[in-house]
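2 protein chains.
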Amino acid sequence: MKEKFDVKNGLTRRGFIKTTGGVALAGMAAGSLFAGPLKAFGAEMPEKWDEEFDVIVVGSGFAGLAAAIEAKQAGSSAVVLEKMRVPGGNSIINGGVFAVAGSPKQEAEGIKDSPELLLEDMLKAGLYLNHVELAKTIAEKSREAVQWTESLGVQYKDRVTHLGGHSVPRSYSTHNSSGSAIVTKQLDKVKELGVDVRTQSYVMSIIQDKEGRAAGLKIKEGYRFPDESTGTVKYLKANKGVVLASGGFGRDLYFRTIQDPKLTENVDSTNQPGATAEVLMDALRSGATPVQISWIQLGPWTSPDEKGMGIGYVFNAMAGFVYGVMVDPETGKRFINELADRKIRADAIIRLGHPAVTIADSQGVRRVHNLDRALEKGVVKKFDTLDALAAEYNIPPEPLKETINAWNRYIKQGQDREYGRYLQTDSEAIANPPYYACRAWPKVHHTMGGIQINNKAQVIGLDKKPIPGLYAAGEIAGGVHGAVRLGSCAVLDCIVFGRTAGQSAAAKV
Amino acid sequence: MKEKFDVKNGLTRRGFIKTTGGVALAGMAAGSLFAGPLKAFGAEMPEKWDEEFDVIVVGSGFAGLAAAIEAKQAGSSAVVLEKMRVPGGNSIINGGVFAVAGSPKQEAEGIKDSPELLLEDMLKAGLYLNHVELAKTIAEKSREAVQWTESLGVQYKDRVTHLGGHSVPRSYSTHNSSGSAIVTKQLDKVKELGVDVRTQSYVMSIIQDKEGRAAGLKIKEGYRFPDESTGTVKYLKANKGVVLASGGFGRDLYFRTIQDPKLTENVDSTNQPGATAEVLMDALRSGATPVQISWIQLGPWTSPDEKGMGIGYVFNAMAGFVYGVMVDPETGKRFINELADRKIRADAIIRLGHPAVTIADSQGVRRVHNLDRALEKGVVKKFDTLDALAAEYNIPPEPLKETINAWNRYIKQGQDREYGRYLQTDSEAIANPPYYACRAWPKVHHTMGGIQINNKAQVIGLDKKPIPGLYAAGEIAGGVHGAVRLGSCAVLDCIVFGRTAGQSAAAKV
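Taken in sequence, the protein lines are chains A and B.
Oh and the first sequence: position 252 is 252 in my numbering, straight run, nothing missing.
To convert a position in the second sequence, counted from 1, into my numbering, add 1000.
Watch out, some of these pointers could steer you wrong.
[Said to hold, decoys possible] Straight-line Cα separation of at most 25 Å, SDA-like style, residue types lysine to any residue; simulated pairs: (1) A:136 x B:1350; (2) A:124 x B:1351; (3) B:1124 x A:128; (4) B:1210 x A:44; (5) B:1464 x A:333; (6) B:1124 x A:352; (7) B:1465 x A:352; (8) A:456 x B:1264; (9) A:124 x B:1335; (10) A:333 x B:1418.
Note that these hints are calculated values from the structure, not bench results.
The structure presented is a predicted model; accordingly, all values stated were derived computationally and were not measured.
Assemble the whole structure, with the sequences as input and the hints as a guide.
Right under this line is the structure:
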């Protein structure tokens, strides 16, 4: 009986591949009656193109830059368009953590890991909504991907980090704990290869020719975000392909509230202001298939005491959740495994109805690289005693001390007897003042859904076929992460599918 | 602090309305740069239309028939297209339960209820993903909607039913416990009004004119599902509007596995075979905005021992979950509030890894109208003793008896001390043999997501405006139910928005 009803195995072993592999089943046959070509074809073709390239890349984050590098290295001319005044998108303000399964750094620490285990973690966090082939691909290519960034000169810290939802410590951290360490090297490479990154270039429309091929883009040059009256219309021809790597829509209030009406202006976002939906929406208008667009992730580690991503999250992610505890200030008690996946943690905090408080001691903060800045800003606070800490956040002091004592017992016993949290090999009791604390309140962080792609990064249309000449990678593509993206899998996703998209476009796959 | 972080209130009071009301916010401004008209315009216009009507309705279920009746009564000529050989779609095999908040039948039973309470139940089940205005509309119009069906001659049983996820008993049941009781009367009315219901009419494409208006449809007449080689192409002109009421895509393996790869051919569906995605996909290709398409509901009450919806669900929904208990056959214990919302129950059963067993006694089955048929079919089984029942399903007998005894104590005490289940006013102890049992295993039941509509049932395009001449109602529209639809809210949704769509189309809103 187990087998018949084992949904998980059904999906990983055969289900998804079978049903998308073109096997004709009763319920599917009807779809192929679709009336021939998509509707857009030819309508927007200009009389004259202003410029032409083999490959045009939209977006200058991890994925876009990886695509441009690959396309150019494959012998294609290429250009990168960025609507903001500076390149880098969300990637440049990203935390710089990179999931690698079975890495040399893990081997050095004696941590056993495999692409299969990373895939399992991704599927579990993703509530098994992941497009398994896509998730499997990034898991299998994680080592190759990080080595590619190292070949560009990116430097990582020696030790891997254990992030929420991962079975084992496996995440590389860039030397400066920021995605900028990767973007900078990618930009160097792009420049070295002679590929232009054109900022203030806003995509108005993907232009399809009469055969439905993505033939180029209608853009505005000299655009000044968010002033829609700015910029000059230009038509750019793409001889081989257009790569959409424009990111997610975490800052697009219109589109995100259609998908999740809870996410009003009352909910902040970690994203840069340019994380809006217009390229995604235009891709949908071009016949791309929407995938899981209503799954929007809130990051659990942000502070309500500063705007956007801020800096408090570093304390939460690197100390409070890893070496410390998170408590409900009303009770002084823990309420969740601090390393559970992002959605579970974010939902748990939201259910409290008020921010949680994370606590660590002087031992626990040793990997928080920006502690002084966070203290100066007042987002993280320092206390000589737990009583002083409790008073600051209106936490009942005795229950809080009981919580800390219980945690210290778990450390000694080698097991979190309340929530089964993974204990770091170098965990110590929370007993070395001063104590540090930070409030935690979720903000919109990542939009899991987007347009459908296959393993070649081709965009799949509603006619069930790839849209010729159209490729996508990174946050604009849906399915890789399913319902919930695991931390440090975004960089991995962007590098793997960004490179693939550039290669596919250059090869006119 | 509570207020600042109260996500629920943020959304119901102001958030949704504010952000979709056109208020210009930083993140939204960029969207209006969209390149003028949608792409489809004019490309598919025929040289000559074969026929014309004021209003063309796609689909002959609750929503489509309601739309046709309203359009015709408003003085418009109308036609209903149905791709299958018989009219009625899923509606005709629906269970015939209809949520009404604050009804005469509730008043007669002394049950306090209100549209506000129904809305609250819907939002809670919908994980607050509901488009609040839409949900509010059907809650407020529930009494008017059921009375409209009564004016067509539909008869309901005297007592209201208490379905999972509802705070109080409020669901009307048709006299024959089937949606056919409503569809039949709607078909009578449609006939009386002189509106044709054309079966075997397959929609190939929504045709938009040069201004983007839905001008008509390209269809196949004489189509024989699912044979795509059948039928003759015809062009039907819609002078006023096209109403999409084509239902959900629960039987469309291709499209449903893109949205949820778990739902392979290993997972059955309660839907009729024609519940496929082609009209939804064509609406997306016409520029309609996708809403929450990845939220697909599994009904918790179906039996794995028969195909499709079957008949065992009546026992589960009307006896096992209401007057009886549901146990895990491996432990003999309850594992969930049997009246929790559908998703929670379905997820809980799936997590078991095998079907659950529901149990009731001779008192508990008194409202199961088809008991003899279910027994004959062997889907429900009858036992003189609990030991015999336990033996049949391999349930450890002593724990099972403890579960029943505990339940009987809860009935006496007036409170379910394990899962807080609502106790019916006429609940009795499970102590009157014979005992009855049925297995429960989820099947794909309803697709919550679809295309975006507003309160006038206008389809909202990716250019953020209504698509002129295009209306939608029922399961093809997304947002009303959010993440999870409450039982008996489908009929309500279809009648309210079906009628609205017909009125809007006739008035060329």
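Residue 1464 of chain B and residue 333 of chain A: Cα distance at most 25 Å?
violated, 46 Å
Regarding the pair residue 124 of chain A and residue 1351 of chain B, is the alpha-carbon distance no greater than 25 Å?
Holds, at about 13 Å.
CA of residue 456 of chain A to CA of residue 1264 of chain B, is that 25 Å or under?
holds, 23 Å
Hint consistency between residue 136 of chain A and residue 1350 of chain B [alpha-carbon to alpha-carbon, up to 25 Å]
holds, 24 Å
Straight-line alpha-carbon gap residue 1465 of chain B to residue 352 of chain A, limit 25 Å:
violated, 38 Å
For a C-alpha distance cap of 25 Å, please report whether residue 1124 of chain B and residue 128 of chain A respect it.
holds, 23 Å
Restraint status (C-alpha distance of residue 1210 of chain B to residue 44 of chain A at most 25 Å):
holds, 13 Å
Taking 25 Å as the top limit, are the C-alpha atoms of residue 333 of chain A and residue 1418 of chain B close enough?
Status holds; Cα separation ~24 Å.
Distance restraint between residue 124 of chain A and residue 1335 of chain B, which requires alpha-carbon spacing of 25 Å or less:
This hinted pair holds, its Cα atoms lying about 22 Å apart.
Do the alpha carbons of residue 1124 of chain B and residue 352 of chain A lie within 25 Å of each other, as the hint requires?
holds, 16 Å
Violated hints, in rising order: 5 and 7; the structure is consistent with all others.
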